[in-house]
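Protein chains: 2
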Amino acid sequence: MSSCICIPHAILLQPKTIWNSSKSNNGRRLGHCTEVPRNVNMENLQSGYLFPEIFKRESEHVRKYPDASLIRLGIGDTSEPIPDIITSAMAEHAFALSTVKGYKGYGEEQGNMALRKAIAEIFYKDMGLKGNEIFISDGAQCDISRLQMLLGSNMTVAVQDPSFPAYTDSSVIVGQAGKFQPETEKYKNIVYMNCTPENGFFPDLSTTSRTNIIFFCSPNNPTGHAASWQQLKQLVEFAKANGSIIIYDSAYAAYISNASPRSIYEIPGAREVAIEISSFSKFAGFTGVRLGWTVVPEELVYSNGYPVIKDFDRIVCTCFNGASNIAQAGGLACLSPDGYQALNSVVGYYKENAKIIVDTFESLGLKVYGGKNAPYAWVHFPGKSSWDTFAEILEKTHIVTIPGSGFGPGGEEYIRVSAFGQRECILEASRRLKNFYT
Amino acid sequence: MSSCICIPHAILLQPKTIWNSSKSNNGRRLGHCTEVPRNVNMENLQSGYLFPEIFKRESEHVRKYPDASLIRLGIGDTSEPIPDIITSAMAEHAFALSTVKGYKGYGEEQGNMALRKAIAEIFYKDMGLKGNEIFISDGAQCDISRLQMLLGSNMTVAVQDPSFPAYTDSSVIVGQAGKFQPETEKYKNIVYMNCTPENGFFPDLSTTSRTNIIFFCSPNNPTGHAASWQQLKQLVEFAKANGSIIIYDSAYAAYISNASPRSIYEIPGAREVAIEISSFSKFAGFTGVRLGWTVVPEELVYSNGYPVIKDFDRIVCTCFNGASNIAQAGGLACLSPDGYQALNSVVGYYKENAKIIVDTFESLGLKVYGGKNAPYAWVHFPGKSSWDTFAEILEKTHIVTIPGSGFGPGGEEYIRVSAFGQRECILEASRRLKNFYT
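Line order of the protein sequences matches chains A and B. Its first residue numbered 1, the first sequence is counted upward by one per residue in full-length UniProt numbering. Its first residue numbered 1, the second sequence is counted upward by one per residue in full-length UniProt numbering.
None of these hints come from the bench; they were simulated from the model. Bear in mind that the values here come from a model prediction, so they are computed numbers and not experimental data. Treat each hint with caution, since some may be false.
Chain copies aren't distinguished; within one or between two, either way the pair holds.
[Stated by the list, open to error] Distance condition first, Cα-Cα at most 20 angstroms in a straight line; then the derived SDA-like pairs of lysine to any residue:
#1 104 / 38
#2 117 / 405
#3 64 / 198
#4 396 / 38
#5 104 / 59
#6 125 / 262
#7 351 / 363
#8 101 / 85
#9 179 / 152
#10 179 / 153
#11 104 / 80
#12 355 / 35
#13 372 / 356
#14 101 / 69
#15 101 / 346
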């Protein structure tokens, strides 16, 4: 096997948290027990959060094959250096914190207004959004939970099936989801909007039950489908007719190559029904730097007419204290003309990776979705459990993917393959897959 | 009035979010209303979060007196530059993100293990805590909310009165608090543990009702009281006897000058009853950089024997994605021998500020608490509403403080005065106060 230094094993072999099971949870615990009941919502969560679970499998594999060169196409983790115009801005901000003039303490909880305005200008031009409607976060995943705190337990929720697991899991944590039903692998109170090749990865809204909240991710993680303008128009009309709020996740918008909208606010009327969450993670390689944003339009109001933005502002002030000012300085540099252009090159690089991956699986006679408007390929292995496919690929090729069922029951028979990675790793992965499957 | 360039007015005059009240909430709204009910818990919150409210008052004052030189001793915002050994480490980390070798994507959600171990070693030496029990956060306030998500609505809660408002407000948001009762200015289901000069700012536990959760902050914000070893021993015994969990906030531990414990884990048995939250904000000037941590010992278990650490790990993985890796690099530098020493000088500087503030108010014949083991002086104005005192000081001296009642009904008649600020501002504040009150 050729050597591919895609992932230092030392990282994988770091000790993970080990539960002291001998001392607890076995009915014969010796120490003090509190009388605090465990949150029933936490009890209701099924297994671990998907991505740490994948990481655990990786680590076990590395222990089993210490000499193998692992290629990680699982967790969508960016691999390419951040353009130095951006890191220089962050370094400069950091250095300035050592000077009397440049030192800054607390910023506004909602984020630096210059950055909020730049986001409004760059991503929402001609959509009528203002800086004060943009809230800077430390990432879309974090704001999903803050939105769930905002909404509370008394909400009905719909999710695409398959979709990014944080929607469902956060819904369970705040108590919206009801019991997990093993026979369907669904939570009782969550409406699963099935997205398959048969319906063009867009749910049949004519048979979808009304919910308060509709989580919708486009380009979808994991299927890679970018909803068209017509589809999103349907979605907005559906929400309007039902009095629902869409929480639209556009974290992968930078990967759209076709005419699909990059924001829900391209659709007329969306300002009255939609919140949008987004992120610098996949667009700027900020997965570790941590920066994102959430848009809450002023027109979005609860049934009593109270503006959602006012409550979200309160949540941001009480439960958050703003993103790191260094990360925010980096965010501003991302949106400068030179920064933005440099980032487009990086996105282009990952898109070429995606094409290699799509071509590889197609050459093996498999049906592949995604990979054109998203950094993920969604590969169908008909009749085969997705965890089995995941395990087989890992065992035989030392490539980490993600089993589709981790994204919901609708992901069964699929695996998600990430296009984030150094080109040599992607090419090596392609060779290994072709060797194994042909 | 002498000129004191403590705070650039431009920052205060930034446009704040303005609610479009003409279009909503007046019963005659023209646009689309969703049919999503507003979260009753959000409805139950009283007024805005304290600190943005103070900021609003400041801004109004600046508009009224555009030429006045405002001195902000309100929000506890650090003012002194961060030692350059620390900012250099952050800048270096940022620069490295532009290199193939130095680029890092997602880190572990729980934080960089080197930093977790360094925190265990520096702050919890000889207390038997391990790196895996330390979870790196983006600040203590953020983790208060994550802990509330962990605990859920079905919890009874006690708070010190007065105390940092995030405990109470987050408790309201997750639905633990019950209705606000205007006659007592208390939430129905929260137990307020009164802390006054009469009881040495330590609650009378013999008359305190049993709750699942006890929020306890030492050194206390706002009173500045650092609980003694004997007091904390009482608290741990009380929690143990009641099967309660203490959430201990040690964000100001670096300011302790006497023999008071800097961590709850100095008390035998605390590992079985206490979570500790803490922060780099006030210790390292990281208020804008955003870095903190939470300790969840393995021995801490729910009534069914299930380890709390397991659920908190799940929350951190699902609702958070780790603190910024640049901030974490800074955190590691803070804990290097040179970094730590440099930070102690900064803390010493603020402590000298605190002494000036305490001496000033004492010279005016007022009773002053705090300021010795904490960066806050707690000043008693007998018989006078704390908002009136706040308003009078702001109007007459252009000094921003915080009205004690913002920290709970027990803070009435007091103001909190922050010692964070440049020395010239503190001295100027002292002069203005002496001029006005004598």
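Cross-check of the supplied hints:
For the identical chains of this complex, residue 104 and residue 38 are neighbours neither inside a copy (40 angstroms) nor across copies (36 angstroms), given an alpha-carbon limit of 20 angstroms. Proximity of residue 117 and residue 405 under a CA criterion of 20 angstroms is satisfied in neither setting, with 39 angstroms inside one chain copy and 36 angstroms between copies. In the homo-oligomer, the alpha carbons of residue 64 and residue 198 never lie at most 20 angstroms apart, since the shortest distance is 40 angstroms inside one protomer and 64 angstroms across protomers. Neither within a single protomer nor between protomers do residue 396 and residue 38 lie at most 20 angstroms apart by alpha-carbon distance, with minima of 41 angstroms and 52 angstroms respectively.
For the identical chains of this complex, residue 104 and residue 59 are inter-copy neighbours only, at 18 angstroms across copies versus 40 angstroms inside a copy, given an alpha-carbon limit of 20 angstroms. In this homomeric assembly, residue 125 and residue 262 come within 20 angstroms of each other (Cα to Cα) only inside a single copy, at 11 angstroms, whereas the closest approach across copies is 51 angstroms. Taking the shortest Cα distances, residue 351 and residue 363 sit within 20 angstroms of each other inside one copy (18 angstroms), while across copies they are farther apart (69 angstroms). Proximity of residue 101 and residue 85 under a CA criterion of 20 angstroms is satisfied inter-copy only: 18 angstroms between copies versus 22 angstroms inside one chain copy.
In this assembly of identical chains, residue 179 and residue 152 lie within 20 angstroms of each other by CA distance both inside one copy and across copies; the values are 17 angstroms within and 16 angstroms between. Within a single copy, residue 179 and residue 153 get their C-alpha atoms as close as 14 angstroms, and across copies as close as 17 angstroms, so both meet the 20 angstroms cut-off. Taking the shortest Cα distances, residue 104 and residue 80 sit within 20 angstroms of each other only across copies (9 angstroms), while inside one copy they are farther apart (30 angstroms). For a Cα distance limit of 20 angstroms, the shortest separation of residue 355 from residue 35 qualifies neither inside one copy, at 55 angstroms, nor across copies, at 43 angstroms.
In this assembly of identical chains, the alpha carbons of residue 372 and residue 356 lie at most 20 angstroms apart only when taken from the same copy (11 angstroms versus 64 angstroms across copies). In this assembly of identical chains, the alpha carbons of residue 101 and residue 69 lie at most 20 angstroms apart only when taken from different copies (17 angstroms versus 49 angstroms within one copy). For the identical chains of this complex, residue 101 and residue 346 are inter-copy neighbours only, at 16 angstroms across copies versus 34 angstroms inside a copy, given an alpha-carbon limit of 20 angstroms.
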